[in-house]
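**Q** So the chains spell out like this:
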Amino acid sequence: MMSEVPEEVIQGRKILNELKKGDWPNFVREAEKTRYPVDLYGASLALKRDLFTTGGYVSVPGAPTGILMRVTSRPDIGENANIVRVLIPSGNFLTSDMLDTLCELADKYGVGMIHGISTGEDVEIPGIPKEKIRDFITELRQRGFECGSTGDAFRAVTTCVGSLLCEYSNLNTAEFRDSFYDKYNDFAKFPTFPHKVKVKVSGCPIDCGRATQKADIGIVGSWKGAPEVNQSLISKMDSEKLDNIIRSCPTGAISRHGSGISIKGEDCTQCMICVRNSGGAISQGREKQYLIYAGGKLRGKKGPLSGKLFTKVNSIEEAMNLIGTMVDIYGEQAARKERMGDLMFRIGMKNFLDLMKTKPQAHNAKDLRTNIFYSVNGEERERMPEEIKKAVGGE
Amino acid sequence: MMSEVPEEVIQGRKILNELKKGDWPNFVREAEKTRYPVDLYGASLALKRDLFTTGGYVSVPGAPTGILMRVTSRPDIGENANIVRVLIPSGNFLTSDMLDTLCELADKYGVGMIHGISTGEDVEIPGIPKEKIRDFITELRQRGFECGSTGDAFRAVTTCVGSLLCEYSNLNTAEFRDSFYDKYNDFAKFPTFPHKVKVKVSGCPIDCGRATQKADIGIVGSWKGAPEVNQSLISKMDSEKLDNIIRSCPTGAISRHGSGISIKGEDCTQCMICVRNSGGAISQGREKQYLIYAGGKLRGKKGPLSGKLFTKVNSIEEAMNLIGTMVDIYGEQAARKERMGDLMFRIGMKNFLDLMKTKPQAHNAKDLRTNIFYSVNGEERERMPEEIKKAVGGE
Amino acid sequence: MEGPARPYTNFIPPYLKESVGKWKTHKVLEPGIIEHLDTSGNKIYTVRVASTPNGRYSTETMRKISAIARKYAGASMRFTGGINMEFVTKDLNDAISLKTEMEDLGFPIGGWDGHLWNMTSCAGYFHCALAATDAPSILQNLANNLGKYFNKEELPAKLTISSSGCPSSCGNSFLTDISISGIHTEIPIVTPEVSKCDLQGTAYTCPVGAIQLKQLPDGSRTLEIRANLCIGCGLCVGACGGIIFETPEKTDGHAISIGGKAVPSRVGTTLGRVVVPYLPNEPPYYKKTVAVVTRIIETWKKDARKGERIADWVDRIGWESFYEKTGLPFYGQSMEYLDVRGMMTLRDGGTR
Amino acid sequence: MEGPARPYTNFIPPYLKESVGKWKTHKVLEPGIIEHLDTSGNKIYTVRVASTPNGRYSTETMRKISAIARKYAGASMRFTGGINMEFVTKDLNDAISLKTEMEDLGFPIGGWDGHLWNMTSCAGYFHCALAATDAPSILQNLANNLGKYFNKEELPAKLTISSSGCPSSCGNSFLTDISISGIHTEIPIVTPEVSKCDLQGTAYTCPVGAIQLKQLPDGSRTLEIRANLCIGCGLCVGACGGIIFETPEKTDGHAISIGGKAVPSRVGTTLGRVVVPYLPNEPPYYKKTVAVVTRIIETWKKDARKGERIADWVDRIGWESFYEKTGLPFYGQSMEYLDVRGMMTLRDGGTR
Ligand code: SRM
Ligand code: SRM
Ligand code: SRM
Ligand code: SRM
Ligand code: SF4
Ligand code: SF4
Ligand code: SF4
Ligand code: SF4
Ligand code: SF4
Ligand code: SF4
Ligand code: SF4
Ligand code: SF4
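Chains as they are written, first to last, in our numbering: chain A, 1 to 395; chain B, 1 to 395; chain C, 1 to 352; chain D, 1 to 352.
For the record, the hints were derived by calculation from the structure and aren't laboratory data. Any given hint might turn out to be false.
What the hints assert, rightly or not - Reference excerpt, derived from the structure (chain A facing chain B, CB under 10 Å, subset only):
#	residue
1	299
2	302
3	303
4	304
5	305
6	306
7	370
8	371
9	372
10	373
Built from N, CA and C at the ideal position, the CB exists for glycine as well.
Chain A extracted, bound-state conformation:
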């Protein structure tokens, strides 16, 4: 039966024709080379309304996460467009063979489209009819891939490229991610948390991996104290350039010493400015330290919140173990659908640290409070004066 073409599809096609123009890589041009329902998309633009809804359900043994059901609200224009998320190797390198396999599967089960890469750093294969999902996933796994990264579980751990390509790295982020899945894959596969948990890892404080910005648990490779100085390279440096480096240290930690420089460890915040600008004469310190951030996320109940520095640890194992402890406690304490950052917001940093059995430290505070509206309990009333006396004297 031939049905008439609905007005919104006609309008939609006009819009798509315009959208297809331009030199830049174009997703509409790409979509038109596939079986993706472009008319549905065009109609949604014409109607200024999203024409998908969530819904439906398919149970696939061994794949409790990784499937997103997408239902069209205009079956007359375009069909459902379920999606499967595919985890990729640490470091995000895919061999040409792997790419070809994914293309083959996308052609066979999907609409011949690949979403490579999502902002959460998975490959998605869209457009898989409900009845093919099981077979698709079976074949996907046979061919060496795993699906995942949906639901209230660990979402795909993401990292900066780190040691694979970058001299600033204090942490082999790809290796870390591999170990993560050795240890925590069950929590990535089975949704058992109050809400999704994202772990992101950066090799240094420059944070190409956005571990401080959008990870429930963010891990940043860093070091203790002053950066490493190659005094002989420094002494050869153009004096004006060196002055500039000294001046641009935000904390004023760097000072000249004859033809060399010295850096006050306690004032260095490991901001990487001098390292970046010195062409190798200043580099990250040798004694590594790993910064653990907590509570970054972009929506939840309270909207965008950056991660807060939770603690600093001295070894990669500690960092790895801490992830487990943190989600255990998060699991116990958070309300349903409460992201870690919202929990922290609700109960406050002090109580969060208490819950996490972590002693508050000055590094936890970006700035301090500006009122005296807090409680001090009996034990603290005893302990504080004693500790202060020990620190500064005064009976």
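Given chain A's structure and the hints, the job is docking chains B, C and D with the ligands onto it.
**A** Structure of chains B, C and D with the ligands alone, referenced to chain A:
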């Protein structure tokens, strides 16, 4: 009847003996030269407890504000210590005659003590027995003084010294305060507001009068655009010094132009740094502007809040009239015992400006919001795109 | 072994292995090509290639990309966190040939230093169920207009752009120098379907506490939205199919925020701040949106000092000057009450 | 004419009148003496004199001060916002004689530039009904120990110190470089006397919503304080005599905050931030409190750059370094949740 000296008084005297030591001007040594109940004070230190309570009431015709009733909770040690607050002239200058008069009255009615000056910049005469308050106030007024600055009224308006002593002044603050009392004295005298209202005035943005910090309504004399430059003085300035001035402008508004400098008006925040450091070569601009801050206070319900820049006006009359408008609306909108800053905190700056019939402007925002959790109404949905189109184009 | 394929060493170009963890310095040779030198003197070249705005490719194109990787880049390629592609070649000539072939395929090389590094979009109407605006088509327009900054015209510092269809911000809204975020502005309505949802749980999703449980005369329970409190965020709509927006075509739109960045230098890590609270959805060209973004970039380009990210620039000149220089109108929605710093950890369990 | 005596011109030294509004430059001749030059070439001298820590004087002393003003300063003197005294002389010699006489009377001359400018205290136990700590005696100790900075030893920049007996902060707490603030740490109890108060109004004073109205079996109403929410701020105690602290001598104390300032330079106007959340009240010497303040000042003095107020210094080095350098212990009470920026203007009438 001779009673035994209570233990806490004995202990208190020991404490006071220690407190009296030292080179610095000493309030205990001063108190001992008066009839102030030092034993009561000493006992409170020994007991680590405040021994006064508020309470009692005395009605004095013509003095609805200015009296603070202070009841001793240990009449066996020391008597009640009611206080009368005395307003002083604008600019805080008192003639020797006036000082002598206040001393005479403090001796006659009080305990021979003067609290000169309170942090709210009044003189207080403490220790006036309830039965003498009426007569005291009558004589006080006969001798040219006025009491006030208590209750839910305008508290004593305070100002920096401004034009009386200072070259940075953009506003004769003392004259302003005199006019304030010509216009608003009724609201200073009769408590009609939801809570106290403090007006503080500074002649320039350096803000010696703390108008931005602790005033419900703060007024700061300023100017528009770039400061005034005396190019001939600049050209005579030591080059390194000039470089320093240029570099220390926080917004980078200053740049060299041959032997002179030029300052970008739109980037100048009137921070006064260059003015202060240039020894007269750069001075405040000629076209004056007055900054009105709202909502500063130190306790209320939400604790310390700095004032927020509410608006900028071009004339002293406007500033003066605005005070009236602001308290009118504050009076209508605030809950009982809600300071202006707490009202602003509760309803948000946008709604506060709406209430105050003041168009939001970028100067109202120290920083902008980091989420999209706000409402946009139908009228705004129509208007915003039109205005934006007008501003930047784009159909 | 469950989980993603590993170890990662199986998938990287073979010549990369011995340099891992031994890098010494790098040099940006031209937009999109970096030379990396390791401590043993080995060199490799990273070539960064733009993706489609939302990372969607046909298998036809992806197969060609795969073939190019096989030819020049050790039969491997990677995706970046900025949803770009990267190829690592052993030889500079390979990098240059790869560049030519990718350009022929329609994919430009660029980024690094004072350039547009990446643009990220979420699914929007294209695949998602929650979109208030079609993030990909907006970003396509921006990319078409701003592509020159990827590899031709220079900027004061790094630039990143993102676009998300709703407050979920899947596209990286608030994290990038410029973000477009879909926003609902309508108060949703509660339909009888609401009874199929967990009422208590749905009420709890509301960030401003605008949803109340209500008893109907027949004893059954429903939800009520208090219009004076609702900010139209749509969280309840996402949580329960029984709550819907009636006329999204008239009320949905998008906001523009600027100044997000992760790098700790200068002003430090910051979230984007809303400079334009609302623009309507106007496909195909979204001309106002493109005009606003262009105006911001051009003003920044002209006025900023070298090395100043948008956040750093605004931090220096202030918001008042930003609005004066860009000529954008200012709206009250952009404001927040700042002194809440210090007010929030009152005590256990306090909800504010 | 009602209100304060005016016009102000009646009360200023006669020789000041013609210079008002015509000042050109000033020069600090020594701590506490400023030379002001007007555009016509007239000069006057301001002499700044310290007060007692809480501004209380005997009439005996005040009469002497009045006489000194009569002798050297145009029979007039002024009080500053920092509760100091200022005298304006026409002649430098008068200023110097005045200095000598005031010093003989026990009142030092000082302040300006890199010195301690002023110390302010509220009434505390001395006169107030609400004090959790005796602000004046604490400040007296600080003054005795730190007076040298008023006119002898130099500091990196201006220093101000304040002391308030309770969160009302009458003494200028949170506004000065260093503040001592009285703090209750006890959960108050509700006595039967509470029935004499406006129950609703009293409950409303609580900043954290810890007070609930409660019906008693006999039908009468009282208040109940939820211990898990109460932060012991004492606002309810101040509002209603029927709510009291039982053992203030064991639980009252004071907090120390640093970094308040009004001047907009460098970090701008800032409120003080709590670095030591609790110290007990230990008259007469408050040795721990004095030790903490001394340690902070000495560390700042040694480490700060010229011109850096305490707030500017901490802004540069960061809190972590502050605690490391001062050796002070850090407590969780000092923390707040910072990202609340941006969260607060959700919509009309929202209470958070
Ligand atoms: C595919 C992807 C966007 C893209 O086009 O690349 C995506 C797509 C969706 N996201 Fe997302 N999110 C994607 C990355 C993100 C990110 C960025 C990131 O992970 O780095 C965020 C912000 C960071 C964060 O988590 O805070 C993000 C925050 C959300 C949220 C908000 C969660 C919350 O805090 O409450 C939702 C809504 C929810 O979970 O209830 C959401 C929900 C959704 C859903 C599942 C909504 C839906 O059911 O329709 C979208 C499916 C659309 C589709 O058709 O694929 N998505 N989502 C990204 C896939 C990530 C992955 O592979 O794991
Ligand atoms: C590839 C990538 C990490 C990844 O695995 O995903 C990456 C890798 C590097 N980044 Fe990055 N950055 C990458 C995203 C980021 C991000 C996140 C983002 O853009 O989404 C940030 C922080 C976010 C932000 O905008 O603040 C980021 C902030 C930096 C910076 C600081 C830039 C600045 O603001 O000044 C540098 C240092 C520099 O450029 O000097 C840097 C430098 C580097 C260098 C050049 C360092 C080095 O020693 O080589 C790395 C190049 C390795 C290579 O050859 O690929 N990378 N870099 C990301 C490429 C994204 C893209 O396609 O555009
Ligand atoms: C005398 C003075 C302190 C001093 O020793 O110099 C003072 C003393 C008292 N203040 Fe104050 N305040 C004094 C300046 C301040 C300041 C500073 C200022 O005004 O510049 C503040 C902070 C600024 C502000 O208003 O936010 C201040 C904020 C308070 C508050 C908190 C008000 C609120 O926001 O809720 C209270 C409590 C109240 O009003 O409920 C209070 C209450 C009190 C009472 C009346 C409490 C009482 O009933 O016992 C104190 C009387 C003590 C006494 O025996 O004199 N006082 N009070 C100051 C007199 C000011 C004047 O002459 O008008
Ligand atoms: C007298 C006084 C105003 C008043 O009427 O009360 C005052 C008056 C002047 N101040 Fe002030 N300041 C006065 C309190 C303040 C305050 C408030 C306070 O301390 O309570 C501040 C702002 C608060 C703060 O700490 O941020 C203040 C911040 C300044 C500054 C900036 C200081 C800095 O942080 O760098 C200057 C400029 C300077 O010193 O170069 C200044 C400069 C001046 C000068 C020297 C400017 C001038 O002469 O051109 C004024 C001297 C006039 C004179 O001869 O008396 N005044 N000054 C106050 C004396 C208080 C005292 O006894 O110590
Ligand atoms: S975060 Fe640091 S280690 Fe990782 S890629 Fe970026 S610069 Fe390199
Ligand atoms: S890393 Fe940053 S803080 Fe540390 S010395 Fe270098 S520039 Fe200074
Ligand atoms: S605020 Fe400005 S005008 Fe007033 S005394 Fe201070 S420096 Fe002078
Ligand atoms: S007043 Fe401040 S902002 Fe303006 S030019 Fe001078 S230093 Fe710059
Ligand atoms: S941001 Fe919103 S519209 Fe875009 S993919 Fe995420 S949930 Fe969907
Ligand atoms: S749209 Fe948002 S604010 Fe409105 S009721 Fe739903 S969840 Fe609450
Ligand atoms: S701060 Fe507190 S103790 Fe001090 S005077 Fe004010 S109300 Fe009284
Ligand atoms: S002491 Fe403060 S927090 Fe506790 S109940 Fe009273 S008002 Fe509320």
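**Q** Each hint needs a verdict: does it hold in this structure or not?
**A** Hints, verified against the model:
1. For residue 299 of chain A, the suggested interface contact is upheld, since its CB lies about 9 Å from the closest CB of chain B, less than 10 Å.
2. Annotation: residue 302 of chain A was flagged as interfacial toward chain B, and the flag holds, the nearest CB pair being 8 Å apart, inside 10 Å.
3. The criterion of a C-beta within 10 Å of any C-beta in chain B is met by residue 303 of chain A, whose closest approach is roughly 3 Å, and the hint holds.
4. For residue 304 of chain A, the suggested interface contact is upheld, since its CB lies about 6 Å from the closest CB of chain B, less than 10 Å.
5. Contact between residue 305 of chain A and chain B, as hinted, is supported at the beta carbon level, the nearest pair being about 9 Å apart and thus within 10 Å.
6. Interface restraint check for residue 306 of chain A: the shortest CB-CB distance to chain B comes to about 9 Å, inside 10 Å, so the restraint holds.
7. A cut of 10 Å between beta carbons decides the hint on residue 370 of chain A: the least distance to chain B is about 6 Å, and the hint holds.
8. Here the hint on residue 371 of chain A is kept, as its CB sits about 3 Å from the closest CB of chain B, short of 10 Å.
9. With its C-beta approaching chain B no nearer than about 7 Å, residue 372 of chain A sits inside the 10 Å limit, and its interface hint holds.
10. A distance limit of 10 Å between C-beta atoms decides the matter here; for residue 373 of chain A the minimum to chain B is near 5 Å, and the interface restraint holds.
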